[in-house]
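Colleague: Each protein sequence line maps, in turn, to chains P and H.
Note that this note's numbering gives residue 351 to position 351 of the first sequence, counting from 1, and the numbers run on in steps of one.
Note that this note's numbering gives residue 42 to position 42 of the second sequence, counting from 1, and the numbers run on in steps of one.
Don't read these hints as lab results, they were simulated from the structure.
Predicted model, so just to flag it, every value in this text is computed and none were measured.
Think of the CB as a built atom: it goes at the ideal place given N, C-alpha and C, for glycine as much as any other residue.
Careful: at least some of the hints might be erroneous.
[Claimed, not checked] For lysine to any residue, the following SDA-like pairs were computed, each having C-alpha atoms within a straight-line distance of at most 25 Å: (1) 75/P with 379/P; (2) 189/P with 270/H; (3) 213/P with 259/H; (4) 366/P with 379/P; (5) 139/P with 267/H; (6) 89/P with 259/H.
[As the list claims (entries may be wrong)] Simulated restraints, written as ranges between beta carbons of each label pair: (7) 142/P with 75/H: 53 to 59 Å; (8) 281/H with 377/P: 50 to 56 Å; (9) 294/P with 138/H: 54 to 60 Å; (10) 168/P with 134/H: 35 to 41 Å; (11) 64/H with 347/P: 42 to 48 Å; (12) 86/H with 96/P: 36 to 42 Å; (13) 268/H with 268/P: 30 to 36 Å; (14) 184/H with 251/P: 52 to 58 Å; (15) 97/P with 130/H: 47 to 53 Å; (16) 145/P with 288/H: 55 to 61 Å; (17) 281/H with 251/P: 36 to 42 Å; (18) 94/H with 121/P: 24 to 30 Å.
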Amino acid sequence: MNAKRTAVIAICLTVIAAFPVLASGAQEGAGGSDTIHIALTAPITGDYAEYGVNFRRSVEMAMDEINKDGGVLGKQFTLSVGDSKGDPKESANLAQKWTSDATIVAEIGDFTSTCCLAAQPIYDRAGMVQLSPTASHTKFAPGSEWSFSIVGTQAYEQPFMADFAHDDLGFKNIAILYINNDWGVDTQKFFKESFEKLGGDVVAEESFFQGEKDFKAALTKLKQSHPDALYMAAMYNDGALISKQREALGWDIPVLGPSSLYSSQLIELGGSAVNGLYTNVSFFAKDPDPRIQAYVTGFEERYGATPNFHAALAYDAMYILADAIKKAGSTDRKAIRDALAQEKNFKGLTGEITFTENGDAIKSYKAVEVKKGDFELYN
Amino acid sequence: MVERGPTVFLQQLINGITQGSLFALLAISFSLVWGLLKLVNFALGEVYMFGAFTGWLIFTYWVENLAVALLASIVVGWVLGWLIEKVAFKALRGVPHIASLVCTIGFSFFLKESAAAIFGVETKAMPAFLSESAFTLAGANVSWLQILMIALAALMLLILQFLFYRTRIGLGVRAVSLDYRTAGLMGINVDRVISVAFSLSGAIAAFVGVLAAVYYNAVNPTMGFIPGLKGFTAAVFGGITSIPGAILGGYLLGIIENLGVQFISSGYRDLISFGILIVFLLLRPNGILGKKAKL
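Work out the full structure, taking the sequences as your base and the hints as a guide.
Modeller: As structure tokens, this is what we get:
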């Protein structure tokens, strides 16, 4: 009887202990001299899993393509993937793991600015490139010479959106609903600043936390301020929920938001509630550019899903890193950083990438609108 | 610019009561098991999530019928509750409760990661039911779904009340929760009562999962975490040893949260809820209606 109990306790504890390990799915790549070992940190599980999974898909796809073309410096790339679960602590742990592995030459990731910022000091101390496809917080890239971001910061994107909302769409009073994390606060701040500079008025602001599913209370409150439009600083899954609940409350109002809303999932989840929504893109899946079409069809064939902006950014991250390693002519961590910092007019899927002195990328933006269940360029 | 007054207050009250229905039912799930075993089943949030996925599977692959989905989720929740009892409690009988508690946390992770592995991590859309406005009360919008949810919650509460006070198994549950040793000596099959209570609590959680998923139009593997904690909070708030207390706690929590958003800020929403949890655990661990803890 006692042995049985002990066995059951053991099983329970094993289940608990094993899960984070199983979920992280880290594969140790071989660190031989004929390979270049890269690490990817992404939220493969947890609230941001859909973004993390797309990171892994795109990076693996780009890596396979580069390897098929003979790799770089005559070497093949190998990848280790670590699951940060969208948790800054996990992201920092993974940074410790990657930087203490001498075979790893550079890291791609993480997804959220919060996670990237948590891991930043570790990469900085160890001297390893931390190349985030998506961290758009204005403090991230300038925070360390080893930190780079491809997405372009909110300091560039939000003035574009404010200008679009004020001048093109003619909104004067706007209510903002934003996610309460580093990214959301930054987005809200830069949008508000730029919009008010143009003479517009932000009449109400409410925030929500990651994982929240009930937006009705916040929407009811925002509605009272009678704005011309609602600005959602949210990811597309939250954005779709917000739109649905807005519709259920019978609040008919134009909605707009940052490029994080650009995803086919927004339309799938939001249905009719997201019709007429405005956002912007640097990457547009329906762009006739043959390179973009090759990527989109390749991604669809391989994974059965249409890549979104975040996925394309991760794809660009892998290619620009490979390019920097080629230019560095070495897999030395410092040489890679220096070559990456020199990247100019790199032709990515998400537009040309030139790093500023701080390690931020400057991008160009196009306004889009949801029409009859599809994104279309606004004109 | 900002209009105050009855309309907005009423709308937030309606939002709060609807959300409160979800919390109240979840709180009952928690207090059912707690009443019998002084054990918190931390996997209930994930049973709720599995209930929601059951509904999603039925809507997507079979038939868009809310009643069918709710019934199916009750079956799935019942089975999961039963399973959790067999592993986390029955097999660990006699060892300190902490082992069972930790085991339910293990189950919570196990179910969450299983759902992510089976269904994928993407948020999935639930079809909308009865989302049209039923009536507007002084400018506040009430949808059919909200009415249905409140009605279903009330119905569930009545059924449970009947179950507890009019059936033999209900009598067993009450007897075991008073003193399981004496109840056992009186010829009550304690094992069976505990098994039924776990299953019932799982069934309720899964049922709520479908309602919530339809109300919010979305399912994903991590959706159960916060509602699980809020359900537990509501149970502690109202009095975890008492079913009417759990109901009261659920509705009060829903209303306080929504009015808190209105009068303070939505950024403080979870702060309010979990602040209540801490205050009650510290000052009044038996909750509003809870009985004094027995020795």
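Colleague: Could you run down the list of hints and mark each one as holding or not?
Modeller: Cross-check of the supplied hints:
With a C-alpha separation of about 46 Å, the suggested pair residue 75/P and residue 379/P falls outside the 25 Å cut-off, and the hint is violated. Annotation: proposed proximity of residue 189/P to residue 270/H holds, straight-line Cα distance about 23 Å (limit 25 Å). Taking the CA atoms of residue 213/P and residue 259/H, the gap is about 17 Å. The hint holds against a cut of 25 Å. Taking the CA atoms of residue 366/P and residue 379/P, the gap is near 10 Å; set against the 25 Å cutoff, the hint holds.
At roughly 23 Å between alpha-carbon atoms, residue 139/P and residue 267/H fall within 25 Å of each other, so this suggested pair holds. Taken as a hint, the residue 89/P and residue 259/H pair is broken in the structure, with Cα atoms around 33 Å apart against an allowance of 25 Å. Checked against the hint of 53 to 59 Å, the C-beta distance between residue 142/P and residue 75/H comes to roughly 56 Å, which is consistent with it. In this structure the hint that residue 281/H and residue 377/P lie 50 to 56 Å apart at CB holds, the actual value being about 55 Å.
At about 58 Å, the beta-carbon gap between residue 294/P and residue 138/H stays in the expected band of 54 to 60 Å. A hinted range of 35 to 41 Å for the beta carbons of residue 168/P and residue 134/H is consistent with their spacing of about 38 Å. At about 47 Å, the beta-carbon gap between residue 64/H and residue 347/P stays in the expected band of 42 to 48 Å. Roughly 40 Å separates the CB atoms of residue 86/H and residue 96/P, a value that falls within the hinted 36 to 42 Å.
A hinted range of 30 to 36 Å holds for the C-beta pair residue 268/H and residue 268/P, which are about 32 Å apart. The given range of 52 to 58 Å is respected by residue 184/H and residue 251/P, whose C-beta atoms sit roughly 57 Å from each other. Under the hint 47 to 53 Å, the C-beta atoms of residue 97/P and residue 130/H, about 50 Å apart, fit the expected range. Taking 55 to 61 Å as the suggested C-beta distance range, the pair residue 145/P and residue 288/H conforms, at roughly 57 Å.
Hint check: residue 281/H to residue 251/P, Cβ distance near 38 Å, so the stated range 36 to 42 Å holds. Restraint check, residue 94/H to residue 121/P: a C-beta distance of roughly 48 Å breaks the suggested window 24 to 30 Å.
The earlier numbered hints that this structure contradicts are 1, 6 and 18.
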